[in-house]
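Each protein sequence line maps, in turn, to chains P and B. Residue numbering for the first sequence follows the working numbering, beginning at 992 and increasing consecutively. Residue numbering for the second sequence follows the working numbering, beginning at 992 and increasing consecutively.
These are computed hints drawn from the structure, not numbers from a lab. Wrong hints could be hidden among the right ones.
You can't tell identical chains apart in this list, so a pair holds if it fits in one copy or across any two.
With a Cα cut of at most 20 Å, we get these calculated SDA-like pairs of lysine to any residue [to be verified]: (1) Lys-1211 x Arg-1031; (2) Lys-1211 x Leu-1106; (3) Lys-1211 x His-1246; (4) Lys-1211 x Arg-1114; (5) Lys-1211 x Pro-1298; (6) Lys-1003 x Asn-1228; (7) Lys-1003 x Gly-1059; (8) Lys-1152 x Cys-1008; (9) Lys-1152 x His-1284; (10) Lys-1211 x Ala-1245; (11) Lys-1211 x Gly-1167.
Protein chains: 2
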Amino acid sequence: MQTLHWDGSVIKAIDQCLLPHQEVVLSLDDVDGLIAAIQRLAIRGAPALGVAGALGVALSARLRTGDGRLDEEAVRADAERIASARPTAVNLRWGVTRALSVLSEGAAAVEAEALRVLEEDERVNHDASSRAADLIIDLCPSRPLRVLTHCNAGGLATAGKWGTALGAVFELAARGAVESVVVDETRPLLQGARLTAWELGRAGIPYRLCVDSAAASLMKRGLVDCVIVGADRIAANGDVANKIGTYSLAVNAAHHRIPMIVVAPESTVDEELADGDLIVIEERAADEVRSAHGVLVAPADAEAFNPAFDVTPAELLTAVVTERRVMARAALPARVR
Amino acid sequence: MQTLHWDGSVIKAIDQCLLPHQEVVLSLDDVDGLIAAIQRLAIRGAPALGVAGALGVALSARLRTGDGRLDEEAVRADAERIASARPTAVNLRWGVTRALSVLSEGAAAVEAEALRVLEEDERVNHDASSRAADLIIDLCPSRPLRVLTHCNAGGLATAGKWGTALGAVFELAARGAVESVVVDETRPLLQGARLTAWELGRAGIPYRLCVDSAAASLMKRGLVDCVIVGADRIAANGDVANKIGTYSLAVNAAHHRIPMIVVAPESTVDEELADGDLIVIEERAADEVRSAHGVLVAPADAEAFNPAFDVTPAELLTAVVTERRVMARAALPARVR
Chain P
992 MQTLHWDGSV IKAIDQCLLP HQEVVLSLDD VDGLIAAIQR LAIRGAPALG
1042 VAGALGVALS ARLRTGDGRL DEEAVRADAE RIASARPTAV NLRWGVTRAL
1092 SVLSEGAAAV EAEALRVLEE DERVNHDASS RAADLIIDLC PSRPLRVLTH
1142 CNAGGLATAG KWGTALGAVF ELAARGAVES VVVDETRPLL QGARLTAWEL
1192 GRAGIPYRLC VDSAAASLMK RGLVDCVIVG ADRIAANGDV ANKIGTYSLA
1242 VNAAHHRIPM IVVAPESTVD EELADGDLIV IEERAADEVR SAHGVLVAPA
1292 DAEAFNPAFD VTPAELLTAV VTERRVMARA ALPARVR
Chain B
992 MQTLHWDGSV IKAIDQCLLP HQEVVLSLDD VDGLIAAIQR LAIRGAPALG
1042 VAGALGVALS ARLRTGDGRL DEEAVRADAE RIASARPTAV NLRWGVTRAL
1092 SVLSEGAAAV EAEALRVLEE DERVNHDASS RAADLIIDLC PSRPLRVLTH
1142 CNAGGLATAG KWGTALGAVF ELAARGAVES VVVDETRPLL QGARLTAWEL
1192 GRAGIPYRLC VDSAAASLMK RGLVDCVIVG ADRIAANGDV ANKIGTYSLA
1242 VNAAHHRIPM IVVAPESTVD EELADGDLIV IEERAADEVR SAHGVLVAPA
1292 DAEAFNPAFD VTPAELLTAV VTERRVMARA ALPARVR
């Protein structure tokens, strides 16, 4: 099963809100439907959003072509709505921009460019995760490894079946270097418990779930050799926006001298932003916190903070790895030098 | 509404598993029912467990008296089962031991001693929380304060209506020193979202919920002036076992130079234990993590780490406050000296 694909006229996407209990494939045949799917996180994950952005423009170009004439202005308006459907992941606008770049050549050219974005995705993520695996093998003396990950940066966060951070885990497992994975459940939307657990189970890699706040205690107990996460936007200086909770993990990993590695495609790097303070953080509905998997748990009138992401300063990270480079920090933790 | 009381023959307890949506009072008329209520966390919170332990022995002594004769051996067996119903909170055994100390004087004496434990609870917690409020006023220059708390150390964690850590918040609010409270939801059993939110709402103190992993990010954004939590067991050196997630908060509070204060009765201090490494940590069922408020969220066969508590070393805490003393650390964070 592929997370995202294009069947020639519609976008097919696994509905990630329904996993792990139901495997439903959405058929998205208009731009509004795509935007709604992105906003309710049926499609999520920075690399997948890049592909969805490109495919969305291809869909728009197809729908906005009549009598052999493409309404470029209408496509550009659709493209802007898609690109701004969620504010933090820069990949969404990157994918939209890629597809728009050939708009003047017509709908077929846009579709071809979107398909290139789709095809590149899996290769790029393989390259990034393979490079991350090499680095982790170098950094972490103990073997097999107990790896901790947060949220889902697996195949479900990309168009394909591999992933970025979880791709590195798959790569390490293929090399016989993984004992087990600690999976942060990742409240509020439980992408760890629902999606990462599902992917690891299918891959036959042993894992144990934990509540997010237990990760630090597991580090203290010596049960974590390495933390591997994805990214939603990386500033030019290496500061990383990722799922809420990543920053807390980074502070704790640094405190315990445990390497923390970010794996992401270059399309996640936003060279326009000098540092992470400039990254816009999406604040989502309080209902996500008041509820757990659709069940109200708190008082119905409770207010909530619900930032979808946080920003981790580069100096807390051991390395940021893409398909092209390792943005390593000057000061690796003492234990991993 | 009082969390726990004794009506002369049965223990009455608010069923904390059903809050905030249902307010149901349990009538516990035998020891097995009490133990089951403690194990499923219908009765929870270290101070409340102390009172429940004492009342449980009173209940046993009443039931084990026939024809004017008290079966001491049977009461001692019941008492041991109550005291070991949960391993981490030392208060449970402390309360049992208090009531047992007068066993040779008969059931009426045991009942009277248990009622003394009950009556002392609210006064002791008032004293501890008032002392903590004094300290926090001294330590935190900004006013009004944005306080963060974890789990529930309110009236619901004690026999009465006041609490320990949340008692300090109530005390600070009564002095006009609280702007608002950040409430960690406290997965897996959501005592923050369910119980602390409910108590703060009833008290009319503004609060906002957050997922546990967001606390660090809120500290980084300057939205937290002070962290106040309770304790389940305190070692002689000041190391503190408390709800899972407390350790992560302590590491983050230290990193951000935010004072972190523990408030608890002296009955939580276990002078027998030299340090926190000796504290037994209860590992609870994986189902609590696989599910959220009774709804399965993860794959049904997912394994999980589910430690109910973690241990925070004394050096990460600003102070541990009881009704008798402030166990202050030598090294207060620079910002709060």
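Cross-check of the supplied hints:
1. Lys-1211 x Arg-1031: Neither way: Lys-1211 and Arg-1031 sit 36 Å apart in one copy and 28 Å across, limit 20 Å.
2. Lys-1211 x Leu-1106: neither (45 Å within a copy, 41 Å between copies)
3. Lys-1211 x His-1246: Answer is both; intra-copy 9 Å and inter-copy 16 Å each pass.
4. Lys-1211 x Arg-1114: Neither, since 36 Å and 36 Å both go past 20 Å.
5. Lys-1211 x Pro-1298: between (27 Å within a copy, 13 Å between copies)
6. Lys-1003 x Asn-1228: neither (36 Å within a copy, 59 Å between copies)
7. Lys-1003 x Gly-1059: neither (25 Å within a copy, 78 Å between copies)
8. Lys-1152 x Cys-1008: within (18 Å within a copy, 40 Å between copies)
9. Lys-1152 x His-1284: Intra 25 Å, inter 31 Å, cutoff 20 Å: neither.
10. Lys-1211 x Ala-1245: Both: 12 Å inside a copy, 16 Å across copies.
11. Lys-1211 x Gly-1167: neither (25 Å within a copy, 38 Å between copies)
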